[in-house]
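Colleague: Okay, here's what each chain looks like letter by letter:
Protein chains: 2
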Amino acid sequence: MKIVLIGAGNVATHLGRKLVEVGEQVVQVFSRNLLKATELATALGARPIDNLYGLNARADLYIIAVHDDAIAEVVEKLGEFELEDKLVVHTSGATPAKVFDAAPELNRTGVFYPLQTFTKGRQLDFSEVPICISASQTDDLQVLEVLALKLSPHVYKVTDAQRAWLHLAAVFVNNFTNHLFEIGHSSLKKQQLPFEMLLPLIRETVAKLDSGPPKAMQTGPAVRHDWTTTERHITLLNGRGDLQEIYRVLTKHIKRTHADNWTH
Amino acid sequence: MKIVLIGAGNVATHLGRKLVEVGEQVVQVFSRNLLKATELATALGARPIDNLYGLNARADLYIIAVHDDAIAEVVEKLGEFELEDKLVVHTSGATPAKVFDAAPELNRTGVFYPLQTFTKGRQLDFSEVPICISASQTDDLQVLEVLALKLSPHVYKVTDAQRAWLHLAAVFVNNFTNHLFEIGHSSLKKQQLPFEMLLPLIRETVAKLDSGPPKAMQTGPAVRHDWTTTERHITLLNGRGDLQEIYRVLTKHIKRTHADNWTH
Numbered sequence: 116m117k118i119v120l121i122g123a124g125n126v127a128t129h130l131g132r133k134l135v136e137v138g139e140q141v142v143q144v145f146s147r148n149l150l151k152a153t154e155l156a157t158a159l160g161a162r163p164i165d166n167l168y169g170l171n172a173r174a175d176l177y178i179i180a181v182h183d184d185a186i187a188e189v190v191e192k193l194g195e196f197e198l199e200d201k202l203v204v205h206t207s208g209a210t211p212a213k214v215f216d217a218a219p220e221l222n223r224t225g226v227f228y229p230l231q232t233f234t235k236g237r238q239l240d241f242s243e244v245p246i247c248i249s250a251s252q253t254d255d256l257q258v259l260e261v262l263a264l265k266l267s268p269h270v271y272k273v274t275d276a277q278r279a280w281l282h283l284a285a286v287f288v289n290n291f292t293n294h295l296f297e298i299g300h301s302s303l304k305k306q307q308l309p310f311e312m313l314l315p316l317i318r319e320t321v322a323k324l325d326s327g328p329p330k331a332m333q334t335g336p337a338v339r340h341d342w343t344t345t346e347r348h349i350t351l352l353n354g355r356g357d358l359q360e361i362y363r364v365l366t367k368h369i370k371r372t373h374a375d376n377w378t379h
Numbered sequence: 116m117k118i119v120l121i122g123a124g125n126v127a128t129h130l131g132r133k134l135v136e137v138g139e140q141v142v143q144v145f146s147r148n149l150l151k152a153t154e155l156a157t158a159l160g161a162r163p164i165d166n167l168y169g170l171n172a173r174a175d176l177y178i179i180a181v182h183d184d185a186i187a188e189v190v191e192k193l194g195e196f197e198l199e200d201k202l203v204v205h206t207s208g209a210t211p212a213k214v215f216d217a218a219p220e221l222n223r224t225g226v227f228y229p230l231q232t233f234t235k236g237r238q239l240d241f242s243e244v245p246i247c248i249s250a251s252q253t254d255d256l257q258v259l260e261v262l263a264l265k266l267s268p269h270v271y272k273v274t275d276a277q278r279a280w281l282h283l284a285a286v287f288v289n290n291f292t293n294h295l296f297e298i299g300h301s302s303l304k305k306q307q308l309p310f311e312m313l314l315p316l317i318r319e320t321v322a323k324l325d326s327g328p329p330k331a332m333q334t335g336p337a338v339r340h341d342w343t344t345t346e347r348h349i350t351l352l353n354g355r356g357d358l359q360e361i362y363r364v365l366t367k368h369i370k371r372t373h374a375d376n377w378t379h
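Top line first, the protein sequences correspond to chains A and B. As numbered in this note's numbering, residues 116 to 379 make up the first sequence, in order. As numbered in this note's numbering, residues 116 to 379 make up the second sequence, in order.
These are calculated hints, taken from the structure and not from any lab test. A portion of the hints provided could be inaccurate.
Note: identical chains are not told apart, hence a pair may lie in one copy or across any two.
Straight-line distance between alpha carbons at most 30 Å, and here's what the computed BS3-like set of lysine-lysine pairs gives [as the list claims (entries may be wrong)]:
{"#": "1", "residue 1": "Lys-117", "residue 2": "Lys-304"}
{"#": "2", "residue 1": "Lys-304", "residue 2": "Lys-367"}
{"#": "3", "residue 1": "Lys-192", "residue 2": "Lys-323"}
{"#": "4", "residue 1": "Lys-117", "residue 2": "Lys-213"}
{"#": "5", "residue 1": "Lys-151", "residue 2": "Lys-370"}
{"#": "6", "residue 1": "Lys-330", "residue 2": "Lys-151"}
{"#": "7", "residue 1": "Lys-201", "residue 2": "Lys-304"}
{"#": "8", "residue 1": "Lys-305", "residue 2": "Lys-151"}
{"#": "9", "residue 1": "Lys-330", "residue 2": "Lys-367"}
{"#": "10", "residue 1": "Lys-133", "residue 2": "Lys-305"}
{"#": "11", "residue 1": "Lys-235", "residue 2": "Lys-370"}
{"#": "12", "residue 1": "Lys-201", "residue 2": "Lys-370"}
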């Protein structure tokens with residue numbers, strides 16, 4: 116397949132590299148930043164452009180991998196080209212398929228959402244990444260499935276609603292979790308203790324998910340109704356009202372979630 | 116060293132097994148539940164008791180590994196025995212050393228806190244566990260250090276204040292994180308999607324900590340001020356005010372934490 120990559124950020128970079136690795140042909144890379152377009156295009160053996168009016172209209176697949184805010188604008192632009200019989204997808208978990216309504220000229224649209232956090236400079240085993248696909252036309256769903264399976268065995272056909280919840284869940288388990296790690300990091304730093312002390316605990320927290328669902332793995336003062344300890348923690352956080360708020364909200368929610376099976 | 120284990124729960128079990136493995140002698144295991152005392156004692160080649168009046172007063176070290184709520188009561192009881200020249204420690208992260216004030220007869224006290232989440236039935240590499248020690252007498256700090264180093268190379272001498280913050284940080288990175296996993300789990304379940312879809316993301320979230328501190332690894336709508344996406348998420352959570360509250364509080368705090376280095 117001849118593929119045009121629109122975007123040169125983390126998702127475009129990781130995805131583009133993997134596509135080339137499995138034998139697909141990336142013919143063009145667009146970025147408003149020519150330096151970024153050139154850098155990625157060079158790595159992929161493609162041509163860089165920084166203006167969509169230079170778009171190659173004879174590719175098979177157009178992958179929009181830009182910031183969520185910019186997708187609608189790109190879609191609208193693509194409507195100006197003769198892409199009626201071309202497959203156009205975006206890679207966003209948060210953006211509904213109806214973003215393509217901005218260009219009714221596009222007949223074959225879809226979503227190709229890799230459910231992972233991509234970081235510049237980090238190697239990542241793409242074959243571990245779940246890929247969530249959807250398409251406006253049944254035939255295209257199969258096209259995307261075949262392509263996705265070249266990158267990873269974990270391919271899921273999802274509805275818009277499912278993808279929205281997947282993205283929301285990803286915010287909880289990745290963005291919010293990382294922020295809790297940051298709170299742990301800064302708390303220890305103030306006590307002149309190294310963050311490394313928490314790493315075995317963090318790793319075990321995740322490793323335990325192999326033994327059962329997270330609800331069954333819950334431990335700590337909130338789930339065992341140890342209010343002496345929670346009050347001690349709230350007191351320790353005096354002067355840090357923001358952390359007290361997070362502590363109280365999460366403690367309350369753990370208590371509620373486990374209310375039905377609490378026995379002491 | 117001859118050791119008496121007071122408690123037969125998860126910490127006592129994991130610690131007891133490791134102590135025996137490295138050649139220490141556990142002579143007695145106490146639990147109010149004779150069945151549990153017997154089970155662990157048998158595994159360790161020790162004698163079980165379910166009444167402290169049967170306590171062996173000729174051991175070298177007494178390890179109190181019971182629920183936080185019960186430590187003070189156990190300490191008070193131990194004051195009734197002739198343990199003036201024996202070393203008595205508890206294993207709790209949340210409990211200050213002043214819990215030993217309940218038994219002024221005890222002259223040699225300390226804390227031996229393994230910073231990990233112990234789960235029944237799960238194998239755990241104790242040599243990865245950070246052990247936080249403190250003692251009322253300098254000589255005993257060395258005794259505890261020598262013992263701890265037999266179990267793990269990660270031994271830290273900590274103050275009461277440091278241990279309190281370590282325990283609080285552990286609640287954030289373990290208890291609260293696991294609860295976020297549970298929210299991800301239940302969100303996907305309602306959409307008939309398997310939790311396994313989130314595991315690669317969760318694993319990468321933790322793996323990224325090797326590349327830099329959590330603050331530098333933060334991604335997501337809150338840190339890039341993508342309020343279109345956060346509003347979409349809040350709307351998706353309509354009818355789940357509890358989750359909206361968690362979402363709002365954590366989003367607000369991420370925004371604040373990153374306010375200083377936000378450029379867009």
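Colleague: Go through the copies and call it for Lys-330 and Lys-151: within, between, both or neither, with a Cα cutoff of 30 Å.
Modeller: between (44 Å within a copy, 25 Å between copies)
Colleague: Between copies, within a copy, both or neither: which fits Lys-201 and Lys-304 at Cα up to 30 Å?
Modeller: neither (53 Å within a copy, 35 Å between copies)
Colleague: Evaluate Lys-235 and Lys-370 at a C-alpha cut-off of 30 Å and name the case that applies: within, between, both or neither.
Modeller: between (38 Å within a copy, 22 Å between copies)
Colleague: Checking an output row: Lys-330 and Lys-367, CA cutoff 30 Å. Within, between, both or neither?
Modeller: This pair counts as both: shortest intra-copy Cα distance 15 Å, inter-copy 26 Å.
Colleague: Under a CA distance limit of 30 Å, which applies to Lys-201 and Lys-370: within one copy, between copies, both, or neither?
Modeller: For Lys-201 and Lys-370, the Cα distance exceeds 30 Å both inside one copy (52 Å) and across copies (40 Å).
Colleague: When Cα atoms must be at most 30 Å apart, do Lys-305 and Lys-151 count as within-copy, between-copy, both, or neither?
Modeller: neither (39 Å within a copy, 40 Å between copies)
Colleague: Using 30 Å as the alpha carbon limit, work out where Lys-192 and Lys-323 are close: within a copy, between copies, both or neither.
Modeller: Classified as neither: same-chain Cα gap 47 Å, cross-chain 36 Å, threshold 30 Å.
Colleague: Using 30 Å as the alpha-carbon threshold, which applies to Lys-304 and Lys-367: within, between, both, or neither?
Modeller: both (27 Å within a copy, 22 Å between copies)
Colleague: Using 30 Å as the alpha carbon limit, work out where Lys-117 and Lys-304 are close: within a copy, between copies, both or neither.
Modeller: Classified as neither; 50 Å inside a copy, 37 Å across copies.
Colleague: Pop the pair Lys-133 and Lys-305 into one bin, within, between, both or neither, using alpha-carbon distances up to 30 Å.
Modeller: Answer is neither: 42 Å inside a copy and 32 Å across each miss the 30 Å cutoff.
Colleague: Classify it for me, Lys-117 with Lys-213: is the Cα-Cα distance of at most 30 Å met within a copy, between copies, both or neither?
Modeller: Intra 25 Å, inter 71 Å, cutoff 30 Å: intra-copy only.
Colleague: Quick one: Lys-151 to Lys-370, C-alpha cut-off 30 Å, is that within a copy, between copies, both, or neither?
Modeller: between (48 Å within a copy, 27 Å between copies)
Going through the hint list in order, the structure does not satisfy hints 1, 3, 7, 8, 10 and 12.
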